[in-house]
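K.L.:
Mind docking chain W on chain U? Use the hints.
Taken in sequence, the protein lines are chains U and W.
By full-length UniProt numbering, the letter at position 231 of the first sequence is numbered 231, and the numbering carries on one by one without gaps.
By full-length UniProt numbering, the letter at position 343 of the second sequence is numbered 343, and the numbering carries on one by one without gaps.
Hint data in this document are derived by calculation from the structure and do not stem from the laboratory.
Everything numeric in this text was worked out from a predicted model, so none of it was measured.
Among the clues, some could well be false.
[To be verified] Listed next, the in silico DSBU-like pairs over lysine-lysine satisfying Cα-Cα at most 30 Å (straight line): (1) W/Lys427 with U/Lys157; (2) W/Lys466 with W/Lys503; (3) W/Lys503 with W/Lys310; (4) W/Lys20 with U/Lys157; (5) U/Lys227 with W/Lys20; (6) W/Lys523 with W/Lys506; (7) W/Lys455 with W/Lys466; (8) W/Lys408 with W/Lys311; (9) W/Lys455 with W/Lys408.
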Amino acid sequence: MSADFSWIQPEPHGIYIPPADCWIDPSRAVDKALVTHGHADHARGGHGQTVATPETLAIMKLRYATDAGATPVSYGETLRLPGGVDATYLPAGHVLGSAQILLEHAGERVIVTGDYKRRADPTCPQFEVTPCDILITEATFGLPLFIHPPIEAEMGKLLQALADNPDACVLVGAYALGKAQRVIAELRAAGHSDPIYLHGAMEKMCRLYEEWGVELGELRLVADHSKDDMRGAIVVCPPSALNDRWSRRLPDPITAMASGWMRVRQRARQRNVELPLIISDHADWHELTRTIEEVNPQESWITHGREEALLRWCQLNQRRARALALVGYDDEDD
Amino acid sequence: MEAFAALLDRLVYTGSRNAKLALIARYLQETPDPDRGWALAALTDGLDFAAVKGSTIRNLMADRVDPVLWALSRDFVGDTAETASLLWPEPVSDVMPPPTVSQAVELLGNMTRANARTELARLLDRLDPSGRYALLKMATGAMRIGISARLGKVAFAQAFDVSVDEVEEYWHGLQPPYAELFAWAAEGADPPDTGSLPLFRPFMLAHPLEETVVSMEEYAAEWKWDGIRVQLVHADNDSGGETRLYSRSGDDISATFPELLPALSIPAVLDGELLVRGSHQGGESGPDKQGGAASFNALQQRLGRKTVSKKMLAEAPAFVRLYDALVIEGEDLRALPWSERRDRLEQFLPRLPVEHFDLSRIVDAEDFAQLAQIREAARDDAIEGLMLKRRDSPYVAGRRTGLWYKWKRDPLLIDAVLMYAQRGSGKRSSFYSDYTFGCWAGDPDEGAELLPVGKAYSGFTDEELKKIDRHVRQNTLNRFGPVREVERSLVFEVAFDSVHLSKRHKSGLAMRFPRIHRIRWDKPAHEADRIAALEKLIRD
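With the rest of the complex left out, here is chain U:
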């Protein structure tokens, strides 16, 4: 293999590394997979061997009830793969355990960001800017209209709604892995120490976060409590439960949703959200473009999301870039 990066191949079902015969975040079962983080669209089950951070492996074990073939690699640790490929896992700041993967082969450096964000998050270490030749970047919020406001402002909106409606509850739809725990941790950081109620589907992941040292304060299960217990409280559920019959057991819930998509009014309306909270675990437009500038790769490969706009930005800024057509990544729930 020569200096033309042919040792790394974007395929529809993931990024393939021929000399090491392994895949990054493949969307179907393979012999050997390097997984960036635990979201189901990146961490599929059934691989022969799965290389990921210990946190990500724990999340996958919780979901797939098996850790067969699990190969842990810690942040900063380098793993020698066959064919002279080195893989180093670096923090991506997306969710607990999320990593960028730095691949090195024959003096060439490629980084796969996986999903990432640049902002501080009490549930995971912050993204590390690392120089490379090719940056394979996500683009979930790759449109200039996506600017995530400071999280303190969104927490303020949430706590204000709670204070304005002492007899109701605020039901926050949040992705069960990452977003929910971050929202809870940020509420604690904002001084909200009341018990927070959980949809049953959230419980195990919150416990897992706590086992990994993320403090979430007092959590209670909705199923164990009466309507009156939950008046004036915050309830967290997966987005799919927001408009579900399940929510009838809650006292006059005000429907909130924590997602980067809430920046666009009609997106909130389509989900019947009354209180949109613009909270995302993905990089916004400024973070995406700033990261390309700071990493300063020879070339950027843009994947899952709104590739076209980020590609255009690269053109306008005289940066080489191409869009990859990877399938199977689902961005709707962030």
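P.N.:
The following block gives chain W in isolation, referenced to the frame of chain U:
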């Protein structure tokens, strides 16, 4: 402006009508004059700033955002004002504090086409994203946030505990910011004096009949004519009197049909269907055999014009086929039963010029079954269906259950093939919800091609929309900006009211009010209808 912007945001995210009313009412109670009046005008589409149009915003953004990035963003958001509010670059230097609603209205009103780009930019710099959204929505006059003018008036009535009928009555004689209206409702001043103006009275409307069966003893039937519903009003005043013509929404369309204005010189408010004369094209002829009504297609040539040529006046003169009388010689008849108003209207008719007025006749039927037969047999293109009116119904604004029904003719149906899909706007932004469909120009098995025959964006449920959207994304052949060309595989059963010859379309046909009737996931595309089948359905 912050409070108004917050109100708009809350309204966008509020589903229930009662909650919306409460939000608007509270804003109107808490906000000082004249801000609340301007806000109410904005909510009820009562503001118009000549210098600021959608194109003004697009030009403004073109100076600041790369056109490709703008187009991609606009396509995603589905709303120009919102996209601009989100993409507007935050000002780098200190700016003035946000304007009040009144200040914003004054600044917008003073803008000219020449300075709108700089002045509007300055105003946007003073606002946050929500404020920019509110300002741009207000400036371009199209809120599209699910608030009807009626809802605004109901909220006003609720805020100050006055009757909404009275609000409607005074509303049309007043201009934003409605100082007299607020003085009356909020401070107990005398009601606004609107007596000497030819004012619009809200229309009485009908519910679709659907499965209801009514007794012909209690209800009278008349044709539902296929023109536009109008109200012609004459009021006497110091300068001798004035006549105005209003459309169904209360817009003053006097200038479009000037021949009707001198036709009414007695103080009256008349409700009827505006039609144009056509020699052979259907409709009943008047008592003087002047010829019947032309099809809606002919009327359409005259709609929306601010000035009318002599040729047009001669070729397609307008007349009003009267349904009802609200006021005759200054006497308000609205509380009377329909049958009495009808008598009064019939007595009044001889005092009106025959070339501009006739009466919508009563359709006699012994019973409902016979009426259904009459409706089935109606072949006249100027007839949209039947109206059923309770004989004892007073004339009340809006749709009151059980009083009036409309019973439209069954739609025409055709099977057509989805060809192009475009992203929708508003609630459907980011979904492919506008569909262009076509029929075969010959035998598809012999290589005939599909020609577009119409476009529809209604008639399906949200669930079906999601399914079609997925189909579009998975079967895309080509992309042209927001439009996707789709593989010719999905058949729609399309319902439409009528079809006409048209030079504007390659197929030579244009449908009226096409909508998706059923989605035929099961039907192979080559079994869809041919153009020739559609041509047979032309009635004029």
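K.L.:
Run every hint past the structure and note whether it holds.
P.N.:
Outcome of the hint check:
For the hint pairing W/Lys427 with U/Lys157, the CA-to-CA distance comes to about 24 Å; that is within 30 Å, so the pair holds. Of the supplied pair hints, the one linking W/Lys466 and W/Lys503 is violated, its CA atoms being roughly 34 Å apart against a limit of 30 Å. The suggested pairing of W/Lys503 with W/Lys310 holds, with an alpha-carbon distance near 24 Å, which does not exceed 30 Å. This hinted pair checks out: W/Lys20 and U/Lys157 have alpha carbons roughly 20 Å apart, not beyond 30 Å.
Restraint check for U/Lys227 and W/Lys20: satisfied, since their Cα atoms lie roughly 26 Å apart, inside the 30 Å limit. Note on W/Lys523 and W/Lys506: the hinted pairing holds, with a Cα-Cα distance of about 25 Å set against a maximum of 30 Å. Our distance criterion of 30 Å between C-alpha atoms is met by W/Lys455 and W/Lys466, whose separation comes to about 18 Å. Taken as a hint, the W/Lys408 and W/Lys311 pair is broken in the structure, with Cα atoms around 34 Å apart against an allowance of 30 Å.
Of the supplied pair hints, the one linking W/Lys455 and W/Lys408 holds, its CA atoms being roughly 21 Å apart against a limit of 30 Å.
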